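K.L.:
Input sequences plus hints: build the corresponding full structure.
Chains as they are written, first to last, in our numbering: chain Y, 1 to 288; chain B, 289 to 600.
Mixed in with the good hints, there may be bad ones.
Said to hold, decoys possible - Cross-link-like lysine to any residue pairs, in silico, SDA-like; alpha carbons within 25 Å at most:
1. B:Lys445 - Y:Arg60
2. B:Lys466 - B:Gly426
3. B:Lys466 - Y:Gly144
4. B:Lys563 - Y:Ser246
5. B:Lys445 - Y:Trp253
6. B:Lys466 - Y:Pro252
7. B:Lys445 - Y:Pro62
8. B:Lys563 - Y:Ser250
9. B:Lys445 - Y:Ser250
10. B:Lys466 - Y:Ile152
11. B:Lys563 - Y:Ser149
12. B:Lys563 - Y:Ile152
13. B:Lys466 - Y:Gly249
14. B:Lys445 - Y:Gly249
15. B:Lys371 - B:Ser353
16. B:Lys563 - Y:Thr148
17. B:Lys445 - Y:Ala251
18. B:Lys445 - Y:Thr263
19. B:Lys466 - B:Leu495
20. B:Lys563 - Y:Gly144
21. B:Lys466 - Y:Arg60
22. B:Lys445 - Y:Ile248
Just so you know, these hints were derived from the structure itself, not from any lab.
Quick caveat: nothing in here was measured; it's all calculated off a predicted structure.
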Amino acid sequence: MTSFAPALLGAARSLAATIRRHPSSAIAAAIVVVLILAALLADYIAPHDPMAISGRQRLRPPSEANPMGTDNLGRDVLSRVIHGAQISLLVGISVAAVSTVVGSAIGVLAGYSRYVDLVVMRIMDGLMAIPGILLAIAFLAMFGSSVTSVIIAISVPDIPRVVRLVRSVVLSLRELLYVESARSMGAGPIRIILRHILPNAAAPILVQASFLCASAILAEASLGFLGLGTPSEIPSWGNIIAEGRSFIGSAPWLLFFPALALTVTVLAVNVLGDGLRDALDPRFRRRI
Amino acid sequence: MNSVVYRVLSIVPICFVVAVVVFSLMQMAPGDPAAMMSDDFASEEQIERVRRDLGLDQPVIVQFSLWLGRVLTGDFGSSLFSKIPVTTLIMQRLEPTISLAAGAMLVAIATAIPLGALAAVMSHSWVDRLVMTIAVLGFSLPSFVLGYGGVWLFSFKLDWLPVQGYASLASGFEPWLKSILLPSLTLGLISAAFLARVTRATVLEVLSEDYVRTGHAKGLAPRTVIVLHVLKNAAIPIVTVIGTSIAGLLSGVVIVESVFAIPGIGSLVIDSVLKRDYPVIQGVILFLSIGYVVVNLSIDLSYRLFDPRIEG
Numbered sequence: 001m002t003s004f005a006p007a008l009l010g011a012a013r014s015l016a017a018t019i020r021r022h023p024s025s026a027i028a029a030a031i032v033v034v035l036i037l038a039a040l041l042a043d044y045i046a047p048h049d050p051m052a053i054s055g056r057q058r059l060r061p062p063s064e065a066n067p068m069g070t071d072n073l074g075r076d077v078l079s080r081v082i083h084g085a086q087i088s089l090l091v092g093i094s095v096a097a098v099s100t101v102v103g104s105a106i107g108v109l110a111g112y113s114r115y116v117d118l119v120v121m122r123i124m125d126g127l128m129a130i131p132g133i134l135l136a137i138a139f140l141a142m143f144g145s146s147v148t149s150v151i152i153a154i155s156v157p158d159i160p161r162v163v164r165l166v167r168s169v170v171l172s173l174r175e176l177l178y179v180e181s182a183r184s185m186g187a188g189p190i191r192i193i194l195r196h197i198l199p200n201a202a203a204p205i206l207v208q209a210s211f212l213c214a215s216a217i218l219a220e221a222s223l224g225f226l227g228l229g230t231p232s233e234i235p236s237w238g239n240i241i242a243e244g245r246s247f248i249g250s251a252p253w254l255l256f257f258p259a260l261a262l263t264v265t266v267l268a269v270n271v272l273g274d275g276l277r278d279a280l281d282p283r284f285r286r287r288i
Numbered sequence: 289m290n291s292v293v294y295r296v297l298s299i300v301p302i303c304f305v306v307a308v309v310v311f312s313l314m315q316m317a318p319g320d321p322a323a324m325m326s327d328d329f330a331s332e333e334q335i336e337r338v339r340r341d342l343g344l345d346q347p348v349i350v351q352f353s354l355w356l357g358r359v360l361t362g363d364f365g366s367s368l369f370s371k372i373p374v375t376t377l378i379m380q381r382l383e384p385t386i387s388l389a390a391g392a393m394l395v396a397i398a399t400a401i402p403l404g405a406l407a408a409v410m411s412h413s414w415v416d417r418l419v420m421t422i423a424v425l426g427f428s429l430p431s432f433v434l435g436y437g438g439v440w441l442f443s444f445k446l447d448w449l450p451v452q453g454y455a456s457l458a459s460g461f462e463p464w465l466k467s468i469l470l471p472s473l474t475l476g477l478i479s480a481a482f483l484a485r486v487t488r489a490t491v492l493e494v495l496s497e498d499y500v501r502t503g504h505a506k507g508l509a510p511r512t513v514i515v516l517h518v519l520k521n522a523a524i525p526i527v528t529v530i531g532t533s534i535a536g537l538l539s540g541v542v543i544v545e546s547v548f549a550i551p552g553i554g555s556l557v558i559d560s561v562l563k564r565d566y567p568v569i570q571g572v573i574l575f576l577s578i579g580y581v582v583v584n585l586s587i588d589l590s591y592r593l594f595d596p597r598i599e600g
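P.N.:
In structure tokens:
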């Protein structure tokens, strides 16, 4: 444990320095924090019930009572957008976690065993040849759409990307002197992987996870937009945009606000990922 | 020559894995495939006959080899509903999809390579920062958001372009171009974001090479060094990324076709998913994935024509 503390402190220091040098990362981090709070507190801060239908309030433009207007069923768009943050963040974080954990496990095995590598990498090449959204769509067609199947459907095409990254990191780390010395001191492969390789591979894996989170939020919204994502009664940003698409001429706010929320979120997570890379990846730090 | 054979053969396991994945997805589909492929009013015996004819009563391994054999001869099965062969359905929808994909690729290359190279040459200047900011914005912007933004501006407000739909080349060049312009710009600009980042990184790397310094030292004009030495050497990694980014482009095609109501392969797959028309879903995924693998193989092989160093 003690060996982690200075490393953690160092990382925190360089993160703070990066924020000073890159104010965009700080703004992005602030946006992400606000979004997480909005998602957690959606029930308390949303001005209206996101599901409440009102025949008299249909397609109202933005006003004081409904800052983002109302949709074709008279539901408050602002409340729906706030609740939509829950699904987006849930899917984004879950996909990043699932694909990173599964992909890292496979990647470490592939990097460590030549036989596993030979088979696994061919499978990964094959998976990567299938356009991601098509694989996700096919998966959803087979298993029906629920939040869980959306998370799995988006994770599966992402796993090969993590496997490739982790495998290449493991291949370069296992030749290093400190791994060699651990091995010569009689450390077994599991100990070497857990104590020496994974902690040193953590930075690139974490950076990749943040980019996967951004692309998963985008993919969830795309699937919702196509009518294949989370069930349509759940107010996700993709679903709100899908419902609003036929009103683009008469009620553009139905598309504008959820689209803005979606773009700002993905942008913030991507910028945060860039900042994280600058802070954690020494190879990159030198270039700046 | 051996390496060419080796490279061509290397796509065999990839295609095999794609086939296994697509076949397994079909196996996991709920419902009895024989009943789905029979008429609505088919008797038990008729369903049984379909099952026997298609080999669905055989073990999975046998079923897979029978299916693979049919696929290899170009038989992707038929739609459960229209009974039209999947290959015919794909061929009918090929023109709009190729128009969109080619148009988008053109837009992406024409914007990303000059801007990425400019950002690298002027690295750490405001031009570099501006281009890279636009690039990050580009791959954070969902294609359907950019698409609808374009529709709202150019079709509703300015009335310059048709709102949706596709005019085939047979109906004349101008209507075709007008129908494909906004979709191609949408998909192209989104794809350009990633390409611009890669171009910048590659050009930056080449700029630090010795032969670039030599070029400058012997008094060549900066433009000559950039065009003849830098871009020429940066070309191969950039072309490789263009090849691999086709997978993302094909994913984008599905969404952009839906935004602009273009009757291409993407719309075909969405329609079939909504109807659970499994043979069509299977056929389209197989077709697009193998198409992607073959395009990348051709790109890889074409390097041999451009770069004499690549041989063995």
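K.L.:
Take a quick look at whether Lys563 (chain B) and Gly144 (chain Y) sit within 25 Å of each other, Cα to Cα.
P.N.:
holds, 12 Å
K.L.:
Is Lys445 (chain B) close enough to Thr263 (chain Y), meaning Cα to Cα at most 25 Å?
P.N.:
Status holds; Cα separation ~23 Å.
K.L.:
Starting from Lys445 (chain B), check that the Cα of Arg60 (chain Y) is at most 25 Å away, please.
P.N.:
Satisfied, since the Cα-Cα distance of roughly 20 Å is no more than 25 Å.
K.L.:
If you draw a straight line from the CA of Lys466 (chain B) to the CA of Pro252 (chain Y), is it 25 Å or shorter?
P.N.:
holds, 23 Å
K.L.:
Does the alpha-carbon distance linking Lys466 (chain B) and Arg60 (chain Y) stay inside the 25 Å limit?
P.N.:
Violated, because 33 Å separates the two Cα atoms, which is more than 25 Å.
K.L.:
Lys466 (chain B) and Gly249 (chain Y) were given as a pair; does the straight-line alpha-carbon distance stay at or below 25 Å?
P.N.:
Holds - the C-alpha atoms of Gly249 (chain Y) and Lys466 (chain B) are around 20 Å apart, at most 25 Å.
K.L.:
Assess, step by step, whether the Cα of Lys466 (chain B) is no farther than 25 Å from the Cα of Leu495 (chain B), and give holds or violated.
P.N.:
This hinted pair is violated, its Cα atoms lying about 40 Å apart.
K.L.:
Hey, Lys445 (chain B) versus Ser250 (chain Y), does the alpha-carbon distance stay inside 25 Å?
P.N.:
With a Cα-Cα distance of about 12 Å, the restraint between Lys445 (chain B) and Ser250 (chain Y) holds, given a limit of 25 Å.
K.L.:
Compare the distance between the alpha carbons of Lys563 (chain B) and Ser149 (chain Y) with 25 Å, and conclude whether the hinted pair is satisfied.
P.N.:
holds, 19 Å
K.L.:
When you check the alpha-carbon spacing of Lys445 (chain B) and Pro62 (chain Y), does it fall within 25 Å?
P.N.:
holds, 19 Å
K.L.:
Compare the distance between the alpha carbons of Lys466 (chain B) and Gly144 (chain Y) with 25 Å, and conclude whether the hinted pair is satisfied.
P.N.:
violated, 37 Å
K.L.:
Decide if the proposed pair is consistent with the structure: Lys445 (chain B) and Ile248 (chain Y), CA atoms, cutoff 25 Å inclusive.
P.N.:
holds, 11 Å
The structure is inconsistent with the numbered hints 3, 8, 10, 19 and 21, although it conforms to all the rest.
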